[in-house]
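All chains, full assembly: derive it from the sequences and hints.
Keeping their order, the protein sequence lines are chains A and B.
Each residue of the first sequence is one higher than the one before, counting from 7 in this note's numbering.
Each residue of the second sequence is one higher than the one before, counting from 7 in this note's numbering.
Misleading hints may appear alongside valid ones.
It does not matter which identical chain is used: a pair holds within one copy or between any two.
[Said to hold, decoys possible] Here are the simulated lysine-lysine pairs, PhoX-like style, with alpha carbons at most 25 angstroms apart:
no., residue 1, residue 2
1, K307, K323
2, K48, K68
3, K217, K243
4, K8, K202
5, K264, K48
6, K323, K264
7, K55, K68
8, K307, K68
9, K248, K323
10, K269, K156
11, K243, K149
12, K264, K156
13, K264, K28
14, K264, K8
15, K269, K248
16, K118, K104
17, K269, K28
18, K243, K222
19, K323, K104
20, K323, K8
21, K55, K222
Think of the hints as simulated: they come from the structure by calculation, not from any bench.
There are 2 protein chains.
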Amino acid sequence: MKTRIGIFGYGNLGRGVEAAIKQNSDMELVAVFSRRNPDSVKINTDGVKVYSCDDIEKFTDKIDVLILCGGSATDLPVQTPEMAQMFNVIDSFDTHAKIPEHFDAVNEKAEKSGKVAIISVGWDPGMFSLNRLYAGAILPEGKDYTFWGKGVSQGHSDAIRRIDGVVDAKQYTIPVESALDAVRSGSEPSLTTRQKHTRECFVVIEDGADKERIEKEIVTMPNYFADYDTTVHFISKEELEKEHSAIPHGGFVIRSGKTNGGKNSHIIEYSLKLDSNPEFTASVLLCYARAAHRMNKEGMKGCKSVLDGPPSYLSTKSGEELRRELL
Amino acid sequence: MKTRIGIFGYGNLGRGVEAAIKQNSDMELVAVFSRRNPDSVKINTDGVKVYSCDDIEKFTDKIDVLILCGGSATDLPVQTPEMAQMFNVIDSFDTHAKIPEHFDAVNEKAEKSGKVAIISVGWDPGMFSLNRLYAGAILPEGKDYTFWGKGVSQGHSDAIRRIDGVVDAKQYTIPVESALDAVRSGSEPSLTTRQKHTRECFVVIEDGADKERIEKEIVTMPNYFADYDTTVHFISKEELEKEHSAIPHGGFVIRSGKTNGGKNSHIIEYSLKLDSNPEFTASVLLCYARAAHRMNKEGMKGCKSVLDGPPSYLSTKSGEELRRELL
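Quick look at the structure:
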């Protein structure tokens, strides 16, 4: 019996989930839900239909887990609690500061409906959070470091696009190699924002727009760029499309800690290098859909995160197979 | 109420657990058990006594979790099932091929006694196994690589010491940097034993012993060295003690996988760089002692591994704190 998946929202992330389902033979795509006119949405799975979000209630008996692929700013705070009234749900809510509030809202609904909701799934929050948990528990005396990149920051790219005279832009967040090396040495350095990451911007401007002004507006932009060493490259629309259309990302979670009264140092490092941020995130979401389905079948309910639930529930393999093959 | 810990076996690992307890304010060392004459064993915690292993039965009401610090060859296959009849137990059983058999033996006893036993805890098996599980579940189409080192292999050092004319020896297992780079490139290379690791030996010999013969015996030794590029250095006893008395180790678990019909590559890498292998392993054992105690208080029983049980149980923090601080 396959786990029947519904995809709610068909952007980059939704397409990533659809692709991931094809890699997991215990999973089956049942329906895609979109706010657009369903007839206008073409998907990549034969025999599966696109429905309007308004029709979702008809699917309560047909879907085991609904994967919410909307954005954290306005979609998920509304959709996740609402859908948890009817379905086991997974979301990738990533506004770190608002996670406790989101958790409470979702938990209330999922406790009532008897469903399992796993929120903030992906890599940060998600696998990075999990690695911070493990490393911090093992080495209680130590320091955590998180570096992001090299990768595209959608928020920073958007911020550049809002500048007058800018047609399009891509921004890469890049970890500083010497800062990574300092952390790996075990010296537990204190690092400023500027010392940890640089920002590199590829910008397409309107004909005759003032490069000097635009560059200055970028590098001095508060919160986004002012605290970083930022490089700006003006390029053509064609070059942007040819060289910068991918959505790579990644990063590093490093814990440096000591044992035996400070005598010995240890470094735990987890890193990701991703060609496609949404496809990887989608692959994580699908693993947790498997776990949510299993947890709910066992009678669990309420809101969870990647920090809850047995790791073995992510796998298709039995406990016996896992012990034999992975331990 | 602290978790009351007993240490069973007081070698490097037992001393590591003792040191780790001092870093965790929710943990308390209650007793150390040794096969040696208790009066001859000096420990590093004031007010805590050393007892004979024969007295362990008197402690069933005084210890929440017993951490077994014996060896995998002959100690743990006997001790873990036996102790699981009386205590929640943690062991670091690391004979990979015999884990399923060990699991069954321990599970039978722990199911009967109603205790929780977590076996094969440490870093490999342990944190490495866990990372193989997570990475394999996220990227089902891909390939796993494990590299060990740079670190001291006790088994290989012992093998050298058994050669006629050898007084003492230390052997380092070293991952080959170019092999690591090839794996990180995402090309999913097939690597031979020789391509993945080299072995470096520091050997002290008797006066007048035949260096040429000893070196040949080392590099041609089947299973241990014949399949590797091995370097042998003859050094003085003083130099061995001065430069090679530490027990560092570490390694890398890397999964290289693809999404979206092979279109995009992703690399998940977990690595450890440890100044002291036994102290780090002990720190992992203690985390799982915390989890075992909590699991047992909630009514769970039987044999478990690091692949079971919620990650959050390793931490002293509440679910709310974890969500706020780590997600």
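Against the structure, the hints:
no. : hint        : verdict
1   : K307 - K323 : both (23 angstroms within a copy, 22 angstroms between copies)
2   : K48 - K68   : within (21 angstroms within a copy, 65 angstroms between copies)
3   : K217 - K243 : within (15 angstroms within a copy, 69 angstroms between copies)
4   : K8 - K202   : neither (44 angstroms within a copy, 39 angstroms between copies)
5   : K264 - K48  : between (54 angstroms within a copy, 24 angstroms between copies)
6   : K323 - K264 : between (36 angstroms within a copy, 20 angstroms between copies)
7   : K55 - K68   : within (13 angstroms within a copy, 62 angstroms between copies)
8   : K307 - K68  : within (19 angstroms within a copy, 35 angstroms between copies)
9   : K248 - K323 : neither (41 angstroms within a copy, 48 angstroms between copies)
10  : K269 - K156 : between (34 angstroms within a copy, 19 angstroms between copies)
11  : K243 - K149 : neither (43 angstroms within a copy, 38 angstroms between copies)
12  : K264 - K156 : between (29 angstroms within a copy, 19 angstroms between copies)
13  : K264 - K28  : between (44 angstroms within a copy, 12 angstroms between copies)
14  : K264 - K8   : between (46 angstroms within a copy, 22 angstroms between copies)
15  : K269 - K248 : between (52 angstroms within a copy, 16 angstroms between copies)
16  : K118 - K104 : within (22 angstroms within a copy, 45 angstroms between copies)
17  : K269 - K28  : between (50 angstroms within a copy, 13 angstroms between copies)
18  : K243 - K222 : within (21 angstroms within a copy, 65 angstroms between copies)
19  : K323 - K104 : between (35 angstroms within a copy, 19 angstroms between copies)
20  : K323 - K8   : within (14 angstroms within a copy, 36 angstroms between copies)
21  : K55 - K222  : neither (48 angstroms within a copy, 69 angstroms between copies)
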